[in-house]
Structures are given as C-alpha cells and as structure tokens.
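First to last, the sequence lines map onto chains L and X. In terms of the working numbering, the first sequence is residues 1 to 446. In terms of the working numbering, the second sequence is residues 1 to 446.
Since the hints were made in silico from the structure, they are not lab data. Every value quoted in this text rests on a predicted model; they were computed, and no experiment measured them. Beta carbons are placed, not taken as given, at the ideal position from N, Cα and C, and that holds for glycine. Among the clues, some could well be false.
Said to hold, decoys possible - What follows is a list of derived Cβ distance ranges for each label pair:
1) L:398 - X:309: 48 to 54 Å
2) X:132 - L:97: 28 to 34 Å
3) L:220 - X:323: 17 to 23 Å
4) L:6 - X:132: 51 to 57 Å
As the list claims (entries may be wrong) - To list a few chain X residues with every Cβ distance to chain L over 12 Å, as calculated:
5) 1
6) 6
7) 50
8) 53
9) 58
10) 365
11) 399
Number of protein chains: 2
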Amino acid sequence: MKSLNEMTASELSPLLAAGTVSTEDVARACLARIAERDPTVRVWAWIDPDQVIHAARELDKTPRKGPLHGIPVGVKDMIDTFDMPTQQNSPIYAGHWPNQDAACVATLRAQGALILGKTDTLEFAAGGRKALTRNPHDLTRTPGGSSSGSAAGVADFHVPLTLGTQTGGSTIRPGSFCGAYAMKPTWAAINREGAKIYSMTCDTIGLYSRSVADLELLCDAYGIVDDAPPRPVRLEGARIGVCRSPFWDKAEEGTHQALAQAAKRLAAAGAKVEDLELPAEFGGLGPAQLTIIAMEGKAAFLDLYRRRHELLHDEFRALVENRKKLSYADLRAAYDLAGRCRPVFDEIARGYDAIITPAAPGEAPLGLNTNGDPVFNRMWTLLHAPCVTVPGLTGPAGLPVGIQLVGPRFGDRQLLAAAAAVASVLDPALSAASAAKPRARARKAA
Amino acid sequence: MKSLNEMTASELSPLLAAGTVSTEDVARACLARIAERDPTVRVWAWIDPDQVIHAARELDKTPRKGPLHGIPVGVKDMIDTFDMPTQQNSPIYAGHWPNQDAACVATLRAQGALILGKTDTLEFAAGGRKALTRNPHDLTRTPGGSSSGSAAGVADFHVPLTLGTQTGGSTIRPGSFCGAYAMKPTWAAINREGAKIYSMTCDTIGLYSRSVADLELLCDAYGIVDDAPPRPVRLEGARIGVCRSPFWDKAEEGTHQALAQAAKRLAAAGAKVEDLELPAEFGGLGPAQLTIIAMEGKAAFLDLYRRRHELLHDEFRALVENRKKLSYADLRAAYDLAGRCRPVFDEIARGYDAIITPAAPGEAPLGLNTNGDPVFNRMWTLLHAPCVTVPGLTGPAGLPVGIQLVGPRFGDRQLLAAAAAVASVLDPALSAASAAKPRARARKAA
Numbered sequence: 001m002k003s004l005n006e007m008t009a010s011e012l013s014p015l016l017a018a019g020t021v022s023t024e025d026v027a028r029a030c031l032a033r034i035a036e037r038d039p040t041v042r043v044w045a046w047i048d049p050d051q052v053i054h055a056a057r058e059l060d061k062t063p064r065k066g067p068l069h070g071i072p073v074g075v076k077d078m079i080d081t082f083d084m085p086t087q088q089n090s091p092i093y094a095g096h097w098p099n100q101d102a103a104c105v106a107t108l109r110a111q112g113a114l115i116l117g118k119t120d121t122l123e124f125a126a127g128g129r130k131a132l133t134r135n136p137h138d139l140t141r142t143p144g145g146s147s148s149g150s151a152a153g154v155a156d157f158h159v160p161l162t163l164g165t166q167t168g169g170s171t172i173r174p175g176s177f178c179g180a181y182a183m184k185p186t187w188a189a190i191n192r193e194g195a196k197i198y199s200m201t202c203d204t205i206g207l208y209s210r211s212v213a214d215l216e217l218l219c220d221a222y223g224i225v226d227d228a229p230p231r232p233v234r235l236e237g238a239r240i241g242v243c244r245s246p247f248w249d250k251a252e253e254g255t256h257q258a259l260a261q262a263a264k265r266l267a268a269a270g271a272k273v274e275d276l277e278l279p280a281e282f283g284g285l286g287p288a289q290l291t292i293i294a295m296e297g298k299a300a301f302l303d304l305y306r307r308r309h310e311l312l313h314d315e316f317r318a319l320v321e322n323r324k325k326l327s328y329a330d331l332r333a334a335y336d337l338a339g340r341c342r343p344v345f346d347e348i349a350r351g352y353d354a355i356i357t358p359a360a361p362g363e364a365p366l367g368l369n370t371n372g373d374p375v376f377n378r379m380w381t382l383l384h385a386p387c388v389t390v391p392g393l394t395g396p397a398g399l400p401v402g403i404q405l406v407g408p409r410f411g412d413r414q415l416l417a418a419a420a421a422v423a424s425v426l427d428p429a430l431s432a433a434s435a436a437k438p439r440a441r442a443r444k445a446a
Numbered sequence: 001m002k003s004l005n006e007m008t009a010s011e012l013s014p015l016l017a018a019g020t021v022s023t024e025d026v027a028r029a030c031l032a033r034i035a036e037r038d039p040t041v042r043v044w045a046w047i048d049p050d051q052v053i054h055a056a057r058e059l060d061k062t063p064r065k066g067p068l069h070g071i072p073v074g075v076k077d078m079i080d081t082f083d084m085p086t087q088q089n090s091p092i093y094a095g096h097w098p099n100q101d102a103a104c105v106a107t108l109r110a111q112g113a114l115i116l117g118k119t120d121t122l123e124f125a126a127g128g129r130k131a132l133t134r135n136p137h138d139l140t141r142t143p144g145g146s147s148s149g150s151a152a153g154v155a156d157f158h159v160p161l162t163l164g165t166q167t168g169g170s171t172i173r174p175g176s177f178c179g180a181y182a183m184k185p186t187w188a189a190i191n192r193e194g195a196k197i198y199s200m201t202c203d204t205i206g207l208y209s210r211s212v213a214d215l216e217l218l219c220d221a222y223g224i225v226d227d228a229p230p231r232p233v234r235l236e237g238a239r240i241g242v243c244r245s246p247f248w249d250k251a252e253e254g255t256h257q258a259l260a261q262a263a264k265r266l267a268a269a270g271a272k273v274e275d276l277e278l279p280a281e282f283g284g285l286g287p288a289q290l291t292i293i294a295m296e297g298k299a300a301f302l303d304l305y306r307r308r309h310e311l312l313h314d315e316f317r318a319l320v321e322n323r324k325k326l327s328y329a330d331l332r333a334a335y336d337l338a339g340r341c342r343p344v345f346d347e348i349a350r351g352y353d354a355i356i357t358p359a360a361p362g363e364a365p366l367g368l369n370t371n372g373d374p375v376f377n378r379m380w381t382l383l384h385a386p387c388v389t390v391p392g393l394t395g396p397a398g399l400p401v402g403i404q405l406v407g408p409r410f411g412d413r414q415l416l417a418a419a420a421a422v423a424s425v426l427d428p429a430l431s432a433a434s435a436a437k438p439r440a441r442a443r444k445a446a
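Excised from the complex, chain L in its bound form:
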C-alpha cells in the first residue's frame, strides 16, 4: 500500500473527493517525507509547515473546486506567489515577497490546489548560482536544472505535482535525471505572467508529476486542448519515429542504451519503429537557441544590471554586455530559421503516432556545479513543440534515463496519449497495467 505522499494526484483526488482522506492528511504525509529527506535532498527553497497545515485545513472546509482540490503543488522559486517569498536563488531577491500570484499559480489555486512551498532553482532559471538540490537517486549528482527542486521533489515523493519552467531544457532534462514525468507544453499555451523572464521566445511553464494521468489533470487545469480530442494510441501497429537528432554525437552510453531499449520494447509491443532523420537545416536550431537566449537575455537582465549591478552574478553581466559579441543579424537569422523549421517539424510529426528522442545526454552527471547539458532540448524548445519525459529506464550506473516524446505544436493532448502508450512499456510502476499485458496474456493463452 502506497503512503499518501507516494500517491499521484490522480490517485489522491478520488480519496479526497470521497472524504476518505483529508487535505490535511495528505499535507502531513508530504511534510513528514520532507522532514525526513529534505535535509539531504534540499528540494525546498522555502516551506512553512504551519502555513501548509493551516491552508490544508481551510481547503478541507471549502466546497471542492475540482479534481485538484487539496492536491499539494510545489512551485519553482522564480514563479511569484503572494503568500510565500520568491527569491530567484539571487541575493538581490533574498527575502523578497511579491504580493501577487503568477498566473500559473493563481490558476491552480482557483481550482483548490494546495501550494506547498517553493522549490530551489538555478539563479533566475537562467545561469549563475546553482540550486542546492541533490539528485535523490545519488546525492553526489545533480538533479539537473534549472527546475532542480521541482524535479527532485516529485521524484523523491515530497509532493505529487510541481511547476517548473523551460527555456533550454530546464524541465525535460531534470525529469530525465530524477526519474519524473515532465512536460513542456506548446509555447504560450500556459500564461507565463509572474514568472521571471529570460527569453521571450523560449520561456515556457513546465509541469512535473509521477504519471501521465497527472499531466492530463494539469493540462485540464490550464485549459490545454488540441483541436480534436486525442486518438487513443495503441502500440500494436503504431508508427514510432526514433529521432536521434542532429546532436546524437553528444549522447552517452546511458542514452544510447535507453533509446535502443525503448525502441526494442515498443517493437516488441507491436509498434512499427523506424529511424526519423530531420532535415539538415535543423542542426542549426541548437546554436540558434543559444543566440536567441543570449540576445533576449541581454534585454531581460538590463534592469537588474542597472540597479543591482554588484549583486548580479557575472554571467548575467556578461549577457547584458553581450560579451559573446553576437549581432542582431545573428538574432534575426536565428528567429527566421526557427520560423522556417516550425511548420516543417509539425508536418513531419503528424506522420507518426509518437516520436521518441533523447531527453538528455545520459544519466545525471556527478557534482552539483553542473545542471547537465540541454543539447537535446534546445531545438524542441525553440520549435515551440510540446515535449514529455517518460521515466522508467536506467543507465550504466543504475540511475534514471528518461525518454523524450515530442509532437507538433498544439498537439499536447495527443502527445500525452502517445506518452501513456510509451510509458506502458517503460515505467515499471505500470507493469501490472502494461499495454504489454494483453500480449503476455495472449502468449499464455496460446
């Protein structure tokens, strides 16, 4: 029997609705886990257990507002909350309490979610100071970043759901390193008001959970729908593209194995698995994303540069001073390459039931002074494509290696349908309910 802090939101929701458990029960289970684990894992930049219990009791007294009512949610500490500090992992924002919620927080709160606390982040989710968070599977390794605490908190059973952000690979990659489900929806599908800006073109609110069903819940909460209801994806006969991507030379053993393993299991489940090679021009999207975040970051950090120069990490001063000596001609070229490639990828993606691609170069690297390399994420973020990390596989050191699924813009719900199918053969937690089960039964019957 799972303890309450181990349950997913989808598992907790009917129990809360039936009154079998209270919000306070769930909150206490999460707080107990946090008390046990956080001194070493360091997920939380800020959490106040008394405030959490108080808020939980209030929710227990309030008429239910929907399936998220009473579900604890952690919020990356560069997203504003009216009742908790938002410190951005920057000395400039030490002790800073904004007095309004970011839109993505207000939306969940309006539906009864219990905002549990703030999760540690890379400074401004952009550079400079790393989070203190450790990888819950190996405390000597990074959980990835910038959404470090949000990924680790879900993976380590502190909280069922968290919000992160992605500008390069800040949601998908930590999901892979920590073994959590992660989703970066289509760009602008979730209002990013009240989250620190780094790159207008790339910044996207990201989601963490321990199941595809929970990502569906969050998409419901944010009104994310496709033009048509998603087709159910059955692996038997499904067309699956394996996209090694133009950056495959950066893949390590863990990702080589994981992608091969995923392809093998999908084929064993009856899918038609084939290599998907992108047009050569797509190789420019990684460098283009770097140009865009550098030049947009130049504008985004100007105010802090001008007013709090001495407390701003030198990485941000370098952005504002354009020490890379990039030009606006470079920036226009980067924008226009992305503009050309977006519809091309949409068209390619519509030819597949699912596209799998690396979520990260491999297992989480050693050390807390790195967040790992977003080389397998930059391109998809710039394409504005929805992306999902499906966990379940492990690398040579026994650590999680996620598989990334990508889809066409505004095909978020279809992508989740594909993720559910892929998860059925990757996630050990689903083995009992695996899509492979009917086949296994069929074999037994034969």
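Given the coordinates of chain L, work out where chain X should sit on it, guided by the hints.
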C-alpha cells in the same frame, strides 16, 4: 519661452544637470498643468502630488544618474509600480498595489527618472472598459487606446515622457490621434516583465515623447542599439517608400491628405518618393494578428476567468471561451505566415532610407466608446518591426494625423534617424530647425 512642463526631456536634462532648475521645479510645473487640465482630459488613473514632490526632492538630493535624472515619466496603468497602485482599469484590480516595479519602470528609476503617476488605459490594455481619457485637442473624441492616458498626457503637456504598450496599435495610433511622438520598438527589445500579458507574440512596451531626441534618450536608457551606428538621414536624395499597405481601403480623408502631404513635403525637400507595394501575402497579416491575440488571449486571461469570473468583462470571457471558434490550426497558420513575412519585410525595408505608412485610418473618431481602428498597426506589430509616429499634420477637422515610419527588426536607431529627417518637414515645432532650411537659404542666396 516654454514653461517647464512644455519642455521635452532633452531640453530639461541640461537645465537639471546645470542646476538651473530642480526636479521639484519640473514636477511642480507638471502638477500645475495636471491640476488645470486633468479634470477634463482625465489622463491619470492615479497620481499623488505630495508623493511626487517628495520623490522629486529626493532626486534633487541624489547624485545625478544620467540624462533622465529628474525627468518625469508617466506609466500606463497595466505596468506594475512598487509605490503606486496598478489597477488595470479592471474592478478586479481596484486598489491593487503590486510591491515590485515592472522591469521597464525599474530601468528608468535606476537612471533617476521621476515616476509621476499612472495613466489610464483600456482594461488590461486588451478590451472591455475604455479609459476615461479624452482627446486633448477635442474633448468629445477618443485619444485612441489602449495607451490612452500615456498619449494624451504627453500631448497635453502634463509630462514629457510616458510608457505605453502595443499589442495591435495601442502606442502608434494614440500617438497619431493626440499629436505625440510614439515608438513601438522591435519586439522583445525592452523587457516586458511586470506588464500585463495579452499576447506573447505581439505585446511590446511603447514610448511617448514630444521629440525624436526624447525617443533617442529612452532607447539609450533601454540599451536599444542597432548592429551599426545609424547613418544620418538627409532628405536630399533619400529614397522614401510610401506604403499605403494592404488595408488602404480603410483610410479616411485625414489619412489620404496626410500621406499625400508628407510625400509632397519630402519630395520638396529633395527625397525620391516612390510607392512601395508589399507582396500579396502581407494582406493576411492583419487577420493573422487577430487570430494570434484571440488564441493567446485565451491562455492569458484564463486565471482571471477561473478566479474572478463575475468581475471579468465579458469580452475576456469570450476570449477564454473561444467564442470565435478559432482553431489551433488557424493559430499555427497565423504564426507561420508571420514567420515567413518577417525576413521578407526586413529585406524590403533595407532598400529604403525611410518607409512612411498610415498610423491610423484618419483623425480621432468622435466619442469615448471607441479607441479607433488598429487596422494600420496590426501588421507591423506582428512583423515585430519597429514603428514610430511622427506628428505635425492635421486632418479635415483640424485634428492631428500622424505619419507612421516602419523599419526592419533591430533597426530601431536607424528608424529614429529617419524619423528625425521626416519630422523636420512635418513638425511645425521644428520649422525653425527644419531640414528644408538649408534649401530655403540656398534659394534665397540664389
């Protein structure tokens, strides 16, 4: 002799630097004008004269931080300020005081600007309730919107500089209606953090002033530079494109006359003036912009829809409910059309020293229940092109009709060089220093 409230920032700055006048003197002159005029013009959503005087005295005691030190600036009331309410012209935000500055405000404050007060706006700069502001040239007419107070405040000599925003035509068009200089820089050139989000693709911070030199000051403050320093634009021999735009059938008598008059004066000053016709595909950019703001607005107003449904104007409920029944396929098509047209326009624009085009259909319409039609603005906003309104001409009712200049992305400073040249033959205030002057002298000498 101009009174202090009539002077531009560029005129005030050396006086402040020399100590000839104090920030308090300038503030008192502005406050006196406001006391006289604002009961009818209704520029200000919030202003506290005591607070202004206090802040002005503090600035007078502070070492000068640059050319904006002591210059009063009005801020559109959907841009956050830590020391004043930000009420968004929405009952939901009545009395709401955010406790942090928007980045665009913080940047000016860090350079010593005196934030004077908040200017009235269309609800959320997006729809619903109109500003109470009247056109200072005719109180029975709209000043345009959504940056209603920001345009009227500068034009009516309440304040030399204001901040606005533009998603459709919310900066350029009110500039035209009120007879102010207005600039919408290249998209994302100014950080829009802390301004209400409507459309991620279109929202841009806008600038108002009473001279091109003042727009230069603001661009300096925001670190807006081109790849190369701008070439000075001499009208003699300059190649000027007259772009009636695909929406010319919406132009009224005032705009017909103004564009013809501008072309005539430019030709008289020695410019080679020629018609510029855009590729047919550009005609789709107006409708595409409407699709984008509708579908991005659907995400942007979801949180208010969920938590303050009863106080949210029905226009926003309509957005969130997608009552227009737009599809994401429509949205993708709109994005991709913009993506194709942006580099095409940049290339076209680089062939001209200046491109002039209507800023609005004509003079400000009668009544305060309209903001006028952004039909001549939507396309340029979606192209992410920098745009400037140059005032000086009038229409059949004697009211201002601006001329819009547009340029390639990140050619903001070159565009201002062109605007200065065009202004020299349009703005009566510049007739003494007109570029036509050397020609006049030459004729006299001949």
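Against the structure, the hints come out as follows:
1. Roughly 50 Å separates the CB atoms of residue 398 (chain L) and residue 309 (chain X), a value that falls within the hinted 48 to 54 Å.
2. Taking the beta carbon of each, residue 132 (chain X) and residue 97 (chain L) are about 33 Å apart, inside 28 to 34 Å as hinted.
3. Under the hint 17 to 23 Å, the C-beta atoms of residue 220 (chain L) and residue 323 (chain X), about 20 Å apart, fit the expected range.
4. In this structure the hint that residue 6 (chain L) and residue 132 (chain X) lie 51 to 57 Å apart at CB holds, the actual value being about 56 Å.
5. With a cut of 12 Å on Cβ distances, residue 1 (chain X) stays outside the contact zone with chain L, its closest approach being about 34 Å.
6. Here residue 6 (chain X) stays apart from chain L, with its beta-carbon at least about 29 Å from theirs, past the 12 Å limit.
7. Interface exclusion of residue 50 (chain X) from chain L stands, the closest Cβ pair being 23 Å apart, more than 12 Å.
8. At roughly 23 Å from the closest C-beta of chain L, the C-beta of residue 53 (chain X) stays outside 12 Å, upholding its exclusion from the interface.
9. Separation of residue 58 (chain X) from chain L is adequate, the least Cβ-Cβ distance of about 15 Å exceeding the 12 Å criterion.
10. Separation of residue 365 (chain X) from chain L is adequate, the least Cβ-Cβ distance of about 31 Å exceeding the 12 Å criterion.
11. Here residue 399 (chain X) stays apart from chain L, with its beta-carbon at least about 36 Å from theirs, past the 12 Å limit.
The structure is consistent with each of the numbered hints, conforming to all of them.
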